[in-house]
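Colleague: Note that my numbering numbers the sequence shown so that position 77 is 77, with each residue one more than the last.
No lab work stands behind these hints, which were simulated from the structure alone.
Here the structure is a predicted model, which is why all the values come from computation and not from measurement.
Any given hint could turn out to be false.
Below 30 Å or equal to it, Euclidean Cα-Cα: the simulated DSSO-like pairs (lysine-lysine) are [claimed, not checked]:
| id | residue 1 | residue 2 |
| --- | --- | --- |
| 1 | Lys469 | Lys457 |
| 2 | Lys469 | Lys391 |
| 3 | Lys356 | Lys150 |
| 4 | Lys457 | Lys388 |
| 5 | Lys530 | Lys219 |
| 6 | Lys580 | Lys356 |
| 7 | Lys110 | Lys192 |
| 8 | Lys321 | Lys391 |
| 9 | Lys580 | Lys219 |
| 10 | Lys321 | Lys469 |
| 11 | Lys469 | Lys582 |
| 12 | Lys580 | Lys321 |
| 13 | Lys192 | Lys211 |
| 14 | Lys321 | Lys392 |
| 15 | Lys110 | Lys530 |
| 16 | Lys108 | Lys392 |
| 17 | Lys192 | Lys356 |
| 18 | Lys530 | Lys392 |
| 19 | Lys150 | Lys500 |
| 20 | Lys110 | Lys211 |
| 21 | Lys425 | Lys356 |
| 22 | Lys192 | Lys108 |
| 23 | Lys500 | Lys211 |
| 24 | Lys64 | Lys273 |
Label pairs and their calculated CB-CB ranges [unchecked claim]:
| id | residue 1 | residue 2 | range |
| --- | --- | --- | --- |
| 25 | Pro69 | Gly96 | 37 to 45 Å |
| 26 | Pro69 | Pro526 | 56 to 64 Å |
| 27 | Lys150 | Pro574 | 20 to 28 Å |
| 28 | Asp139 | Asn223 | 24 to 32 Å |
| 29 | Arg40 | Gly554 | 42 to 50 Å |
| 30 | Asp139 | Phe430 | 54 to 62 Å |
| 31 | Ile122 | Arg592 | 52 to 60 Å |
| 32 | Arg592 | Ala113 | 55 to 63 Å |
| 33 | His491 | Glu527 | 21 to 29 Å |
| 34 | Ile94 | Val541 | 55 to 63 Å |
In this text, a Cβ means the ideal position worked out from N, Cα and C, and glycines have one as well.
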Amino acid sequence: MKQTTGQNETDIKLPDAGQLGCSMADIALRSQRLVNEWLRRQAQEGLELDPLNVGGAFLEMTSKLLANPGQMVHAQLGLWRDYMTLWQNTTRRIMGMESEPVIQSDPKDKRFADPAWQQNEIFDYIKQSYLLSARYINDVVTHVDGLEPKTAQKIDFYARQFINALSPSNFALTNPEVLRRTRETGGENLVKGLSNLLSDLEQGRGNLRIKMADTEAFKVGGNIAVSEGKVIYQNELMQLIQYSPASETVFARPVVIFPPWINKFYILDLRLKNSLVRYLVSQGHTVFMVSWVNPDATLADKNFDDYMAEGVLAALDAIEKATGMREVNAIGYCLGGTLLASSLGYMKATGDERIKTATFLVTLTDFTDAGELGVFIDEEQLSSIEEKMFKKGYLEGAEMAATFNMLRANDLIWSFVVNNYLLGKEPFPFDLLYWNSDATRMPPAMHSFYLRNMYQKNLLAQPGGIVMKGVPVDLRRIDIPVYFLSCREDHITPWTSTYKGALNFGGPVRFVLAASGHIAGVVNPPEGGKYNHFINTELPVNPDEWFTGATEVGGSWWPDWQRWVSGFDSTRVPARIPGKGKLKAIENAPGRYVQVRA
1 MKQTTGQNET DIKLPDAGQL GCSMADIALR SQRLVNEWLR RQAQEGLELD
51 PLNVGGAFLE MTSKLLANPG QMVHAQLGLW RDYMTLWQNT TRRIMGMESE
101 PVIQSDPKDK RFADPAWQQN EIFDYIKQSY LLSARYINDV VTHVDGLEPK
151 TAQKIDFYAR QFINALSPSN FALTNPEVLR RTRETGGENL VKGLSNLLSD
201 LEQGRGNLRI KMADTEAFKV GGNIAVSEGK VIYQNELMQL IQYSPASETV
251 FARPVVIFPP WINKFYILDL RLKNSLVRYL VSQGHTVFMV SWVNPDATLA
301 DKNFDDYMAE GVLAALDAIE KATGMREVNA IGYCLGGTLL ASSLGYMKAT
351 GDERIKTATF LVTLTDFTDA GELGVFIDEE QLSSIEEKMF KKGYLEGAEM
401 AATFNMLRAN DLIWSFVVNN YLLGKEPFPF DLLYWNSDAT RMPPAMHSFY
451 LRNMYQKNLL AQPGGIVMKG VPVDLRRIDI PVYFLSCRED HITPWTSTYK
501 GALNFGGPVR FVLAASGHIA GVVNPPEGGK YNHFINTELP VNPDEWFTGA
551 TEVGGSWWPD WQRWVSGFDS TRVPARIPGK GKLKAIENAP GRYVQVRA
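Throw the hints in and build the complete structure from the sequences for me.
Modeller: Encoded structure:
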């Protein structure tokens, strides 16, 4: 129907009563099934009241605040003054007078991108009152005296989760874009959004698994992970892919990549336009990629040692058989880099010199300051995780994904709540978010070892602290050339921490700092012309001092790495065809292991 309001005509759609009734009946039936399923599972598994061990930290904070009431009174007076100024300024705006905002939102904050947040007096008031309250909460919790550093970090992190959750953009009645769409669709967006919410709950069997990308738009091996190659070796833990050459001759030393097994390897081979695999092949490298298995309960006893023996060492054996070449250049990404460093320590102690250069992409080898992931590492949470893992035989991939998503909650949680549930839209077909949702499980023995010995005890940074297959590991004895690539905005492996770990190696180290974050800073092809990087050949102890003396270089770090690695051995040999050596092709890349979804 058409309705005239003032001088503007606005289309307002009335819902179809019959269709709405059918939709609500379907929603009611699905909701009942979900509630029954949730109750059944709680009866079996028990209800954890505080699985993240947050309550104790906030009780401690409260006691500290009560011991210093003057600080609270001062903060509340400041908030009251700000609110009074905001009320006066809003009144002036309503009366048609100019008024400066009391507080501004960050121009990069997508939550308040809709023009109504600035142009409409009421929504501007709602936005500013939220920002003032957020600032007040943040100031209070970050200025509590006498808290242990770990407790203070946990309080700061979860206070920000609370602040993000209460944003007015997350609620239908206080989000102008949602209200506009509700008017235009006659409320169909909210009905569709509720259906989307139920679908995500059904997908998670009662746990919310937010759909971030159009899962039907991508197929691994179809339009992502498409670089040509063959699986030439496999065991219980991994398949080894050899990629097809792009030139008649190649460098004699092959390149082998050890990706993390927290996510799947194809982040390095998403599309041809941003594939690190494609770039390396185009530069004349014979490239091998480890594709880790997505483990189930049958692999519950696989430990960190096994990932070295059946991953790193097995890959080196297979590469030598396939190419006849014993020497390789190795690349480790994130957890794959931590495994590579541990393996290099073992290899040095046992006289194995097959890896001639090592590259570490956003890799922690010193966990003194592991960033916000440290919030999840305390004895209570570790014990809870271990209990669940060992009972089931693996850690659910979705639990790891949820942890990482919390580190960027506004981008990876609340933006999808608004898009999928309030606006009633389907998620976009975005390859990176499809990969992010393609979670992997963790074997309990391996994951417990990793969390306790690396994150909790930081033993890898200590000479002899980690023992691999009975052999103590000392990173300081590793004397091969190493290349450390870190990212300035990395929220998973902070660059100042990766820098500290780089100083533990005994050989020549090249440290490069890329712009952007954990993924975008790494997957940054030269053709894109995005993101600069910083270089400094000096390695002072203080990372800030390193950055002060660094030179900024425009564009991707990939060409810098290519110059670095080719400088050690530029010998060329005829191109190697996958499956034509002593190891025959098992199947086409990307192989079967990567296809298994958690």
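Colleague: Decide, hint by hint, whether the structure agrees.
Modeller: Hint by hint, here is what the structure shows:
1. Between Lys469 and Lys457 the CA atoms are separated by roughly 19 Å; this keeps the pair inside 30 Å, and the hint holds.
2. A distance of roughly 26 Å separates the Cα atoms of Lys469 and Lys391; the hinted pair therefore holds under the 30 Å criterion.
3. The suggested pairing of Lys356 with Lys150 is violated, with an alpha-carbon distance near 39 Å, which exceeds 30 Å.
4. Straight-line distance between C-alpha atoms of Lys457 and Lys388 comes to about 21 Å, which keeps the hinted pair within the 30 Å bound.
5. A distance of roughly 27 Å separates the Cα atoms of Lys530 and Lys219; the hinted pair therefore holds under the 30 Å criterion.
6. Among the hinted pairs, Lys580 with Lys356 is consistent with the structure: their alpha-carbon atoms are about 25 Å apart, no more than 30 Å.
7. Simply put, Lys110 and Lys192 have alpha-carbon atoms about 23 Å apart, close enough for the 30 Å limit, and the pair holds.
8. For a cut-off of 30 Å, the pair hint linking Lys321 to Lys391 is broken: about 40 Å separates their Cα positions.
9. As the CA atoms of Lys580 and Lys219 are separated by approximately 28 Å, the hinted pair is consistent with the 30 Å bound.
10. Distance restraint check for Lys321 and Lys469: the Cα-Cα separation of roughly 24 Å lies within the 30 Å cut-off, and the hinted pair is therefore satisfied.
11. Taken as a hint, the Lys469 and Lys582 pair is honoured in the structure, with Cα atoms around 29 Å apart against an allowance of 30 Å.
12. In summary, the hint linking Lys580 to Lys321 is supported, as the alpha carbons are separated by about 11 Å, within the 30 Å threshold.
13. At most 30 Å may separate the alpha-carbon atoms for a hinted pair to count; Lys192 and Lys211 meet this at roughly 14 Å.
14. For the given pair, Lys321 sits about 38 Å from Lys392 by alpha-carbon distance, which is inconsistent with the 30 Å threshold.
15. Of the supplied pair hints, the one linking Lys110 and Lys530 holds, its CA atoms being roughly 21 Å apart against a limit of 30 Å.
16. Of the supplied pair hints, the one linking Lys108 and Lys392 is violated, its CA atoms being roughly 42 Å apart against a limit of 30 Å.
17. Between Lys192 and Lys356, the direct Cα distance comes to roughly 56 Å. Violation of the 30 Å bound is thereby established for this hinted pair.
18. Annotation: proposed proximity of Lys530 to Lys392 is violated, straight-line Cα distance about 43 Å (limit 30 Å).
19. Restraint check for Lys150 and Lys500: satisfied, since their Cα atoms lie roughly 20 Å apart, inside the 30 Å limit.
20. A distance of roughly 19 Å separates the Cα atoms of Lys110 and Lys211; the hinted pair therefore holds under the 30 Å criterion.
21. For the suggested pair Lys425 and Lys356, the alpha carbons sit about 51 Å apart, so the restraint of at most 30 Å is broken.
22. Taking the CA atoms of Lys192 and Lys108, the gap is near 29 Å; set against the 30 Å cutoff, the hint holds.
23. Distance check on the hinted pair: Lys500 and Lys211 sit about 37 Å apart at the alpha-carbon level, beyond 30 Å; violated.
24. With a CA separation close to 54 Å, the supplied pair Lys64 and Lys273 exceeds the 30 Å bound.
25. Separation of Pro69 from Gly96 is about 43 Å and conforms to the stated range, judged on CB atoms against 37 to 45 Å.
26. Checked against the hint of 56 to 64 Å, the C-beta distance between Pro69 and Pro526 comes to roughly 58 Å, which is consistent with it.
27. Taken as a hint, the range 20 to 28 Å is violated for the pair Lys150 and Pro574, whose Cβ atoms sit roughly 56 Å apart.
28. Between Asp139 and Asn223 the beta carbons are some 48 Å apart, a value that contradicts the proposed interval 24 to 32 Å.
29. At about 58 Å, the beta-carbon gap between Arg40 and Gly554 misses the expected band of 42 to 50 Å.
30. Under the hint 54 to 62 Å, the C-beta atoms of Asp139 and Phe430, about 36 Å apart, miss the expected range.
31. The hinted window of 52 to 60 Å between Ile122 and Arg592 holds, with their beta carbons roughly 56 Å apart.
32. Against the hinted window of 55 to 63 Å, the Cβ-Cβ separation of Arg592 and Ala113 comes to about 43 Å, which falls outside the hint.
33. Here the CB-CB span from His491 to Glu527 is close to 26 Å, well matched to the stated 21 to 29 Å.
34. The given range of 55 to 63 Å is respected by Ile94 and Val541, whose C-beta atoms sit roughly 57 Å from each other.
Hint compliance for this structure: hints 3, 8, 14, 16, 17, 18, 21, 23, 24, 27, 28, 29, 30, 32 are broken, all remaining hints hold.
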